[in-house]
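Let the hints inform the model, and build the full structure from the sequences given.
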Amino acid sequence: MLHTVNKSPFEKNSLDTCLAHAKEGSAILLIEDGVYGALNGSKMTAQIQQAMEKFTLYALGPDLKARGIADKVIDGVKVIDYAGFVDLACENDKVQAWL
Amino acid sequence: MKFTIQVSEGPYNHQASDSAYQFAKAALEKGHEIYRVFFYHDGVNNATRLTTPPQDDRNVVNRWSALAEEHNLDLVVCVAAAQRRGIADADESKRNGKDADNIAPGFRISGLGQLIEGGIQSDRLVIFGD
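First to last, the sequence lines map onto chains A and B.
Heads up, the first sequence is in numbering that gives the first Met the number 0, so the first residue is 0 and it goes up one at a time.
Heads up, the second sequence is in numbering that gives the first Met the number 0, so the first residue is 0 and it goes up one at a time.
Don't take each hint at face value.
[Claimed, not checked] 30 Å max Cα-Cα, derived DSS-like pairs, lysine-lysine:
1. A:64 <-> A:53
2. A:93 <-> B:24
3. B:97 <-> A:22
4. B:1 <-> B:24
[As the list claims (entries may be wrong)] The following residues of chain A were derived to be distant from chain B, with all beta-carbon distances above 12 Å:
5. 20
6. 39
7. 41
8. 45
9. 50
10. 74
11. 91
Think of the hints as simulated: they come from the structure by calculation, not from any bench.
Source: prediction; values computed, not measured.
In this text, a Cβ means the ideal position worked out from N, Cα and C, and glycines have one as well.
Structure below.
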């Protein structure tokens, strides 16, 4: 299952909720303000690193770039473009948006 | 693969309509089918042809209309959400005793059943919202 999170973890708890409910092995894609969750050196970093033991974490490259944090992404978070987003939606049987 | 996309946020709020558009475009470029795009809640505001953004900004509404024309997309606006927000086609305008309509080319007004049907007929339902 693919989970998308579009809110900054510093503004809303969508990412926390997603991490608490997603099953092990799920793909989690950070989009829009959600990409702030992929920022290295923040208070979320440890939680994301821990989450990567259970989930595969992705972040949308164009949204990282728009926010000037494309070169500050936590190691292990996979950066993809919209074509990659479409591929993830195909590879996973369901897409759940955490808004 | 067949996709139905739901857009639940108006244009120029945050980014949901932009993300949905970029996703739809990328899916079409990869040869997938967009079975339907369903505009719900504030998302119905994507369907007014009266928007006039600055010339150096993207025109979210026209962009959807153009994509619909190019790929023969079914852009469906939820009727109940549209009535609340003043989005009307000629029939709706007449039925509700209004003096004008404002729906943009390529969009049509219909019911929530269209979202459910889209979810059933498609392989994936992808939601963009606020």
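How the hints compare with the structure:
1. Between residue 64 of chain A and residue 53 of chain A the CA atoms are separated by roughly 26 Å; this keeps the pair inside 30 Å, and the hint holds.
2. For the hint pairing residue 93 of chain A with residue 24 of chain B, the CA-to-CA distance comes to about 20 Å; that is within 30 Å, so the pair holds.
3. Pair hint residue 97 of chain B plus residue 22 of chain A does not hold up; C-alpha atoms about 50 Å apart against a cutoff of 30 Å.
4. About 13 Å separates the Cα atoms of residue 1 of chain B and residue 24 of chain B, which keeps this hinted pair within 30 Å; it holds.
5. Under the 12 Å C-beta cut-off, the non-interface status given to residue 20 of chain A relative to chain B holds; the minimum distance is some 16 Å.
6. The non-interface label for residue 39 of chain A is consistent with chain B: the shortest C-beta to C-beta separation is roughly 22 Å, beyond 12 Å.
7. No Cβ of chain B approaches the Cβ of residue 41 of chain A within 12 Å, the least distance being about 21 Å, so the stated non-interface status holds.
8. Listed as outside the interface, residue 45 of chain A is consistent with that label: its C-beta sits roughly 27 Å from the nearest C-beta of chain B, beyond the 12 Å cut-off.
9. Non-interface status of residue 50 of chain A relative to chain B is upheld: no Cβ of that chain comes within 12 Å, the nearest being about 22 Å off.
10. With a least CB separation of 26 Å from chain B, residue 74 of chain A remains clear of the 12 Å interface cut-off, as annotated.
11. With a closest Cβ-Cβ approach of about 8 Å to chain B, residue 91 of chain A is found to fall inside the 12 Å limit, against its non-interface label.
When held up to the earlier numbered hints, the structure conflicts with 3 and 11 and fits the remainder.
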